[in-house]
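What follows is the residue order along each chain.
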Amino acid sequence: MSEGSRAGTGGRLTRRAAIRGAAALGWAAAGVRGLTGARQAVSAADYRGGKLTACMFLEPNSLDPAAATYIPGIVVLKNVVETLIELDTQGRAHPRLATSWQVSNGGREWTFRLREGITFHDGTPFNADAVKFSFDRILDPATKSQTGLSEIGTYQSSQVVDAKTIKMTFKEPYAPFFNNLHDVVLGVISPTAVKKYGADFGSNPVGTGPYRFQEWVRGDHVTLVRNDKYVNTSDLVAHKTAPYLDTLVFRIIMEDQTRLNALRSGEADFIYRVPGINVDSVQSDPRFQVYKNMYAGEPVMFLINRSRFPTDDVAVARAMQFAVNKEVVARIATGGISPVAFGPLKPVVWGYNAEVEKLYRFDPPKARQVLEEGGWKAGPGGVRAKNGQACKMVCAVKSDPVTVSALTAIQGMLRAVGIDLEIQTMALPASEELARQGKSNMTFMEWRGIDPDILTVQFHSKNIGGWNMGHFRNPTLDGLLDQGRAIVNAKERLPLYQKAQMLIMDQAATLPLYNLIAVDGAKASVTGVRYDVYHYYPEWYDVRYKA
Amino acid sequence: MSAGLAASGKQALSRPAHRSAGRLAIFIRRLRRNGAGLAGGIVVLLVFAAALCAPAISPYPPNALDFAAYLSAPAFAHPFGTDEQGRDVLSRVIFGGQVSLRVGFIAVSIAMAAGVALGLIAGYYEGWTGTFIMRWMDVMLAFPSILLALAIVAVLGSGITPLMVAVGIASIPQFTRVAQSSVLSTKEADYVQAARVVGCAPVQILIRHILPNIFAPITVLATTGVAAAIITGAALSFLGLGAQPPTPEWGSMLSNGRVYMEKAPWMMVFPGLAIMVTVMSINLFGDGLRDALDPRLK
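So the protein sequences, as listed, match chains A and B. Take the numbering used here: the last position of the first sequence gets the number 547, and nothing is skipped along the way. Take the numbering used here: the last position of the second sequence gets the number 1298, and nothing is skipped along the way.
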């Protein structure tokens, strides 16, 4: 569980989350920067060319930006497809494919001025028609967009004003939309290529980015090659021409130890997700460097099903908060790298409410007291019972050793206060399906995003049957979250999300465990690695590497 | 008169199969001469004894969490070290034997019961019944047993009981094969013909006359089958489809240990050794048994 993503993992590799808010990011990014601890790299400072192999932990589900759900697809597409705007580490918007923008009609209309003279990899010119095509396509059910659909919010349609001006219309104001535009899921793709490849576009992405897609061998690798004609329009980078690397290969190795060995043996030049337990040894090896990032989003947590016996009783859900020693869980799952979590958001997310930290602390006697007061009396075999029903719960979980280890520790801790937890291990999709059906008392969860609106995904009652796998239903919370996403002013949004976090924790709808710090590793000679605004994955444009 | 003759004939005919006292002596003598087989047998007995007496001989309860003892290296207090939950690896290996041996024996019992029955029928009725059974077994044999077991577990769900059933079903074809070929070679024997002539019912012939005479190859197969079943069971648990936490099981301990391979190799080494030693001993014992039971070696 720790490492974001072991087989399936880690968290929800989905990308869907991301609904970000206006002001927000600055704080988030600043908070994390201190953690990015790559060692100063050596040599090859001016080298151009070469091939770099990066090992991912999961296969992309699609390379169509609109349909990509899992992180690896996003990681690849970031290099192929560009977006209208980009965000700096302070969360400020900068022009990219759009040079300027304007909001009107109370947030219901956005007008973008587009850059000229840009062409897609297939020679198609970039213009307002391509933007309209890319955005309208997300709404088309045939595109099967999930993340894109959630990020586009209340988008209705686009109007091509002229070749370099586009006006987008929204049903309702949707605060997170503008910042979402930096996400490659809302990137602009070649309409000609979509027509040419049809449903196969997801295996043949064509954009305007620094690298061109070459091939995707399923289960093995994705290869990108340098786009020699590339001109970087970003004002965030000094280098404006084609990227330095000739070839960028993304290998797919799901097993953690195997992926680590690929780095050690030299087979890989970079790996995503060094297993937590092995971080020390990679870090202390002069051949390698590591990048530690507390990426923005929700902590690693178990959603508590507040609609299923016995966790429908708030006393049980609260007792769990006191019963679990998170320090121990974090040590088991991440080798002690990640700090413990107390609320449904990571502290690096804008709007984090530190008050949640005062609600619960590890205190088994308190847990027993809460259960006693809730009517749960000691029963046979040390398992408590109320009205003749034993306090037995079940957790369907992906059969990843680290997640299972952490859960086994939790099982022991719950048992110590009289709660019986049965662990059922299975494949990730199966565990998620049971959770959607409400058949699991606890559900592993982890989500990325830089806006507190991600709470909507896990805790708004409209998402029951979807990603609200704790089946949490609270009209007050629904109201706060609905209000929060419709207001553009950050100062007005803040108190809503602060209240929402307290409410979620007061109702014990989740058991936060630790704020995962993702650790990536590379050969010491890899230079120029820069992380995205989530602090989740590196950008490859400025990277130089000489084998 | 003739009926009486037939009856006494039947008795006389069935006797060879039961004249086992002398055979047993030969068998024991032969087994004792086979050093490796004997050693294997002794180790198997020891593993058995340890599993049976687990609560008495384990230094700690297998699921006692002690987070202060996180990944302790082997030392006097924990001869095999501790795991990431601070649990004593030695105690878990001992208790793990209960699960692994149970999986091995119950799975083989299932396979043997079903497989031998099908083999007897297929061998005795060579017509379409036999052909149908054997072709069906060929289909099952076409899949590696681990794959077959995986498919069955996928249907039944994870846990130890489904695991035993899955491994058991996956091992049926081998027993059917051996039983059927043994029946084919036995059923033309004079004593079987004689039994048929004196009017024994097929069921009686199969059970009283043929079964005891194909006992030797089946026993050998069952012995090695236990070893194979332990391996398959451990493999499925390694994949997270068998024993559910916190149940100690060698395969799942191995799987859990691989995460900590670098920092705490003892978490993998000891359950791995337990599987290796047990399986090897059972196989050695099985080989010894085969030699001892081989009728060609007089």
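Rather than coming from a laboratory, the hints here were simulated on the basis of the structure. Fair warning: this is a prediction, and the values are worked out from it, not measured in the lab. Ideal Cβ positions, reconstructed from N, Cα and C, are used throughout, including at glycine. A couple of the hints might just be wrong.
Claimed, not checked - Derived DSBU-like pairs (lysine-lysine); straight-line CA-CA distance at most 35 angstroms:
no.: 1; chain 1: A; residue 1: Lys292; chain 2: B; residue 2: Lys1187
no.: 2; chain 1: B; residue 1: Lys1263; chain 2: A; residue 2: Lys51
no.: 3; chain 1: A; residue 1: Lys167; chain 2: A; residue 2: Lys132
no.: 4; chain 1: A; residue 1: Lys171; chain 2: A; residue 2: Lys51
no.: 5; chain 1: A; residue 1: Lys491; chain 2: A; residue 2: Lys358
no.: 6; chain 1: A; residue 1: Lys229; chain 2: A; residue 2: Lys523
no.: 7; chain 1: A; residue 1: Lys366; chain 2: A; residue 2: Lys386
no.: 8; chain 1: A; residue 1: Lys51; chain 2: A; residue 2: Lys546
no.: 9; chain 1: B; residue 1: Lys1187; chain 2: A; residue 2: Lys546
no.: 10; chain 1: A; residue 1: Lys195; chain 2: A; residue 2: Lys292
no.: 11; chain 1: A; residue 1: Lys523; chain 2: B; residue 2: Lys1187
no.: 12; chain 1: A; residue 1: Lys439; chain 2: A; residue 2: Lys462
To be verified - Partial list, derived from the structure: chain B residues whose beta carbon lies under 7 angstroms from chain A:
no.: 13; residue: Phe1067
no.: 14; residue: Glu1084
no.: 15; residue: Arg1177
no.: 16; residue: Ser1181
no.: 17; residue: Gly1240
no.: 18; residue: Pro1245
no.: 19; residue: Thr1247
no.: 20; residue: Ser1255
no.: 21; residue: Glu1262
no.: 22; residue: Pro1265
no.: 23; residue: Val1269
Tested hints:
Of the pairs offered as hints, the one joining Lys292 of chain A and Lys1187 of chain B is violated, with about 73 angstroms between alpha carbons and a cut-off of 35 angstroms exceeded. Among the hinted pairs, Lys1263 of chain B with Lys51 of chain A is consistent with the structure: their alpha-carbon atoms are about 33 angstroms apart, no more than 35 angstroms. Our distance criterion of 35 angstroms between C-alpha atoms is met by Lys167 of chain A and Lys132 of chain A, whose separation comes to about 9 angstroms. A distance of roughly 46 angstroms separates the Cα atoms of Lys171 of chain A and Lys51 of chain A; the hinted pair therefore is violated under the 35 angstroms criterion.
Note on Lys491 of chain A and Lys358 of chain A: the hinted pairing holds, with a Cα-Cα distance of about 24 angstroms set against a maximum of 35 angstroms. Of the pairs offered as hints, the one joining Lys229 of chain A and Lys523 of chain A holds, with about 29 angstroms between alpha carbons and a cut-off of 35 angstroms not exceeded. Only pairs whose Cα atoms come within 35 angstroms are accepted, and Lys366 of chain A paired with Lys386 of chain A is accepted, the gap being roughly 18 angstroms. Only pairs whose Cα atoms come within 35 angstroms are accepted, and Lys51 of chain A paired with Lys546 of chain A is accepted, the gap being roughly 8 angstroms.
For a cut-off of 35 angstroms, the pair hint linking Lys1187 of chain B to Lys546 of chain A is broken: about 75 angstroms separates their Cα positions. A C-alpha spacing of about 41 angstroms is found between Lys195 of chain A and Lys292 of chain A, which places the hinted pair above 35 angstroms, so the restraint is violated. A distance of roughly 70 angstroms separates the Cα atoms of Lys523 of chain A and Lys1187 of chain B; the hinted pair therefore is violated under the 35 angstroms criterion. With a C-alpha separation of about 18 angstroms, the suggested pairing of Lys439 of chain A with Lys462 of chain A holds against the 35 angstroms cut-off.
Against a cut-off of 7 angstroms between C-beta atoms, the interface hint on Phe1067 of chain B holds, since the closest Cβ of chain A lies about 5 angstroms away. Checking Glu1084 of chain B against chain A: minimum C-beta separation of about 5 angstroms stays under 7 angstroms; hint holds. The closest approach between the C-beta of Arg1177 of chain B and any C-beta of chain A is roughly 33 angstroms, which is over the 7 angstroms cut-off, so the hint fails. Restraint check, Ser1181 of chain B versus chain A: the minimum CB separation of about 40 angstroms is more than 7 angstroms; hint violated.
Against a cut-off of 7 angstroms between C-beta atoms, the interface hint on Gly1240 of chain B holds, since the closest Cβ of chain A lies about 3 angstroms away. About 4 angstroms separates the beta-carbon of Pro1245 of chain B from the nearest beta-carbon of chain A, less than 7 angstroms, and the hint is met. A hinted interface residue such as Thr1247 of chain B counts as satisfied when its beta carbon comes closer than 7 angstroms to some beta carbon of chain A; here the least separation is about 10 angstroms, so the hint is violated. Annotation: interface hint on Ser1255 of chain B holds; nearest CB of chain A at approximately 6 angstroms, less than 7 angstroms.
Hint status for Glu1262 of chain B: holds, given a least beta-carbon distance of 6 angstroms to chain A, under 7 angstroms. A least Cβ separation of about 12 angstroms between Pro1265 of chain B and chain A goes past the 7 angstroms threshold, and the interface hint is therefore violated. This hint is violated: Val1269 of chain B has a C-beta 15 angstroms from the nearest C-beta of chain A, more than the 7 angstroms allowed.
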